[in-house]
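K.L.:
Protein chains in written order, with this note's numbering: chain A, 1 to 339; chain B, 1001 to 1502.
Treat the hints loosely; a few may be bogus.
[What the hints assert, rightly or not] When the alpha-carbon atoms are kept at most 16 Å apart in a straight line, the in silico EDC-like pairs for lysine to aspartate or glutamate are as follows:
#1 B/Lys1459 with A/Glu171
#2 B/Lys1429 with B/Glu1224
#3 B/Lys1141 with A/Asp153
#4 A/Lys258 with A/Glu193
#5 B/Lys1137 with A/Asp153
[To be verified] Simulated restraints, written as ranges between beta carbons of each label pair:
#6 B/Asp1354 with A/Asp162: 34 to 44 Å
#7 A/Ala152 with B/Pro1376: 46 to 56 Å
#8 B/Leu1480 with A/Val83: 50 to 60 Å
#9 A/Lys233 with B/Leu1167: 48 to 58 Å
Just so you know, these hints were derived from the structure itself, not from any lab. Small disclaimer: the values here were computed from a predicted structure and weren't measured. Positions of the beta carbon are idealized from the N, C-alpha and C atoms, including for glycine.
One-letter residues, chain by chain:
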Amino acid sequence: MKKKISMAVALILMFVLVIGCAQKETGSNSKQQTNAGASSAKKTEYPTKPITLIVSYAAGGGTDLGARLLTPYLEKELGVPVVVENKPGGGGWVGWAEMLGAKPDGYTLGYVNAPAVFAGYLNPSAKRKETIDNFELIMNHVIDPGVIAVRADDKRFSNVKDLIEFAKKNELSANANGVGTENHIAALQMNKELGTKLRSVQFSGSAESITSVIGGHVDVLFAKVGEVLEPMKAGQIKILAVMTPERVPQLPDVPTLKESIGSNIEYHSLRGIAGPKGMDPQIVAKLQDAFEKAMKNPEHEKKMSDMGLKVDGTKGEAFKQLLKKEEASMVEVKGLLGW
Amino acid sequence: MDSLGYLLHGFETALTWQNLLYCLLGVSFGMFIGVLPGLGPTAGTALLLPLTFALEPVSAIIMLAGIYYGSMYGGTITSVLINTPGEAASLITCLDGHPLAKQGRAGAALGIAGIGSFIGGIVSIVGLVLIGPFLAKQALKFGPPEFFALVILGLSLLLGLMGKSLLKGIIGALFGLSLAFIGQDQSSGIIRFAFGQTELMKGIDFISIAMGMFGLSELFLNAEESLKGKASAPPKVKGLLPNKEEWGPSMKAIGRGSVLGFLIGLIPGTNSVIPTILSYSMEKKLSKDPSRFGKGALEGVAGPETANNSYCGGALIPLFTLGIPSSPTVAVLLGAFIMHGLTPGPTLFQKNPDLVWGIIASMFIGNAMLLIMNLPLANVWARITMVPFKLLFPIIIIITIVGTYSLNNSMFDVGAMLVFGILGYLFKKAEIPLAPIILTYVLGSLLEKTLLQSLTIFKGDFLGFFTRPISGTILSIAILSMLFSIITSIRNKRVITEDVEM
Chain A
1 MKKKISMAVA
11 LILMFVLVIG
21 CAQKETGSNS
31 KQQTNAGASS
41 AKKTEYPTKP
51 ITLIVSYAAG
61 GGTDLGARLL
71 TPYLEKELGV
81 PVVVENKPGG
91 GGWVGWAEML
101 GAKPDGYTLG
111 YVNAPAVFAG
121 YLNPSAKRKE
131 TIDNFELIMN
141 HVIDPGVIAV
151 RADDKRFSNV
161 KDLIEFAKKN
171 ELSANANGVG
181 TENHIAALQM
191 NKELGTKLRS
201 VQFSGSAESI
211 TSVIGGHVDV
221 LFAKVGEVLE
231 PMKAGQIKIL
241 AVMTPERVPQ
251 LPDVPTLKES
261 IGSNIEYHSL
271 RGIAGPKGMD
281 PQIVAKLQDA
291 FEKAMKNPEH
301 EKKMSDMGLK
311 VDGTKGEAFK
321 QLLKKEEASM
331 VEVKGLLGW
Chain B
1001 MDSLGYLLHG
1011 FETALTWQNL
1021 LYCLLGVSFG
1031 MFIGVLPGLG
1041 PTAGTALLLP
1051 LTFALEPVSA
1061 IIMLAGIYYG
1071 SMYGGTITSV
1081 LINTPGEAAS
1091 LITCLDGHPL
1101 AKQGRAGAAL
1111 GIAGIGSFIG
1121 GIVSIVGLVL
1131 IGPFLAKQAL
1141 KFGPPEFFAL
1151 VILGLSLLLG
1161 LMGKSLLKGI
1171 IGALFGLSLA
1181 FIGQDQSSGI
1191 IRFAFGQTEL
1201 MKGIDFISIA
1211 MGMFGLSELF
1221 LNAEESLKGK
1231 ASAPPKVKGL
1241 LPNKEEWGPS
1251 MKAIGRGSVL
1261 GFLIGLIPGT
1271 NSVIPTILSY
1281 SMEKKLSKDP
1291 SRFGKGALEG
1301 VAGPETANNS
1311 YCGGALIPLF
1321 TLGIPSSPTV
1331 AVLLGAFIMH
1341 GLTPGPTLFQ
1351 KNPDLVWGII
1361 ASMFIGNAML
1371 LIMNLPLANV
1381 WARITMVPFK
1391 LLFPIIIIIT
1401 IVGTYSLNNS
1411 MFDVGAMLVF
1421 GILGYLFKKA
1431 EIPLAPIILT
1441 YVLGSLLEKT
1451 LLQSLTIFKG
1461 DFLGFFTRPI
1471 SGTILSIAIL
1481 SMLFSIITSI
1491 RNKRVITEDV
1501 EM
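Turn these sequences into a full structure, and let the hints guide you.
P.N.:
So this is what it looks like as structure tokens:
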């Protein structure tokens, strides 16, 4: 019996020791980092403890990878650990609801994804009261530009003009990643403004979509630059147009939709940093500064560019205007979604 | 024979001490997350992904791939011991694995699962080396209509798992299907049965249902028995190896499971549950005495466990050769490739032969490591069944609660798991079989999605399914198999009455 008790005590002590060591380690670590960034830390007493960064999608997805690529640089700037927490579900709104419910003290931040965030409240069956106005918008991290593509050996279309002309006369199937997602809206806008007859087939994600276009089950692919670079290099698909105002550096030879047919339809997704409304302006300014420096880190920019993403950095009011514009274009096609 | 030369070269890469270490780390961590219900291979690989930035690309991918196939070994353990699948792929193993454990034969179940997993893993890697690239192109012919047909085939085979009463089985199946309705409908965007709860919008997590229905309800039943003072003493662990007469059928089951899992793995978009259902049903149909299934038939463990491992190897083929991720975990692996500046796809074999063949070679080594870890450990794990119930009960409760919480860091999932535990208990009392519920739940959402996708492609024409050769063939097989089941059940009532009892 005695032996058992002493064993138990020894075990508990060992645990305490391990925990103690771990804490000491992180403590000294963050101290070092605060010293490094001491000059900027003097004005406000923020941050003094770890910051939680909520990602409203599962680990391993695009938003998650982007967040995990950014946080090491951000930690350097802020001097405290930044912990990525995945809260997937509800089209992203599980995580957003949690973030909006947190204290606006700057220690709970999160990624806000557009246009996914709008779908959560424009869809009447979601019965949601919060809107984009409930977010304290800090800074946009990335723009994921969209493209329109077809199978490489699809003889019917050699450029986007052919495709549009063909689609005006014939029904074509196009992929979408769910109702109200950016590629669904792009297809609906084309139907509305250009008179094409695209039927959206809903898939669970880009990987599935790309596979069914390569397999010849679906005619038209709406996807992001980062997703199509590899299949294009492999000769599986041909990219007909990028749907951004300017050409993208990863695809210098691909024209924009505007160049080809003069249409202003744009298609991209945005992933930015936000917090709950009511944050101290000084903290917001400090965060903007830190995020800007972290995003501008050449190493970080290179990694993002390799993934086909554009580091943006639009902040504060401008970021809000950007999102408002996106929201308006979604409201325009609301009727087509049956909302 | 070029491949063989390359492969030998690959072993050169894989056998450096760093890579051996990373391989060992990967497979051990994979085993671990497989054992922990909740934390699945997708989350496991994603969490470790940032840690690999500093590594050489080849070491990083060796480790991440190790987590992937290692987790398939681990999932078996909880299925057999506490009737709780560590991840979806081991669900079917509960059906016969747990009854075996109750008979004191957990060791045999874990042993044969280990051997089967090893063989399945090796067969699929050999397939990857020899015929992978050729088959991968064929697999692209599987579009939404073909998936739909495959799901229908899976559901038709469920008829064989219906339990004592066909009616109760169908009640279970329909209950499972209706659970799949909860959440946002993908093709219309309408949110169904969420009652204003954000958490319900994504539907209920599979793990919450599986752990509640299988694991927790089992605990409730045991608790009730021990309150009544009727609890049976824990079984004595006997026989760590299969009986003489079991070797033959088990090895055949392993052989069939290997091929089946590999072929399903090739098809992008499937999940690891489908090959296990197909394998289990196939073994049951081919068995001389199907009534043993559900009461501790070793083939019922051997086949599906082999199939889920060879599925893993098969699923890597579309990634390596076409750059297409065929499952969520493989999608994370694709992310790892890209982050390390590599491009999976047809050019990968030409541009980075050292890397690809190094990874393939490491998979042989990793599987061997897992076999070495698993066979002696089967002995250790099996002894857990001898732990008195009152000690085991709290441990299992902790594992299930922590496991469910770790899914999405959400208490909602834990609550759902408790609710399904109570439901599972009631269903067991009412003798409604649980297997159809959970299987139709897994397949239900896939069924709805692929049906609506196909109908959009066919412009609403149902006959479209029969105009495509692959979907037409599979659907015909499914219909024939359903008719066959019904006819045999009418002719031979005995088989049905003594059927799987859960």
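K.L.:
A separate judgement is required for each hint: does it hold in the structure or not?
P.N.:
Going through the hints against the structure:
{"no.": "1", "hint": "B/Lys1459 with A/Glu171", "result": "holds, 9 Å"}
{"no.": "2", "hint": "B/Lys1429 with B/Glu1224", "result": "holds, 12 Å"}
{"no.": "3", "hint": "B/Lys1141 with A/Asp153", "result": "holds, 15 Å"}
{"no.": "4", "hint": "A/Lys258 with A/Glu193", "result": "holds, 13 Å"}
{"no.": "5", "hint": "B/Lys1137 with A/Asp153", "result": "holds, 14 Å"}
{"no.": "6", "hint": "B/Asp1354 with A/Asp162: 34 to 44 Å", "result": "holds, 42 Å"}
{"no.": "7", "hint": "A/Ala152 with B/Pro1376: 46 to 56 Å", "result": "holds, 51 Å"}
{"no.": "8", "hint": "B/Leu1480 with A/Val83: 50 to 60 Å", "result": "holds, 55 Å"}
{"no.": "9", "hint": "A/Lys233 with B/Leu1167: 48 to 58 Å", "result": "holds, 56 Å"}
Figure legend: structure checked against the earlier numbered hints; every hint is met.
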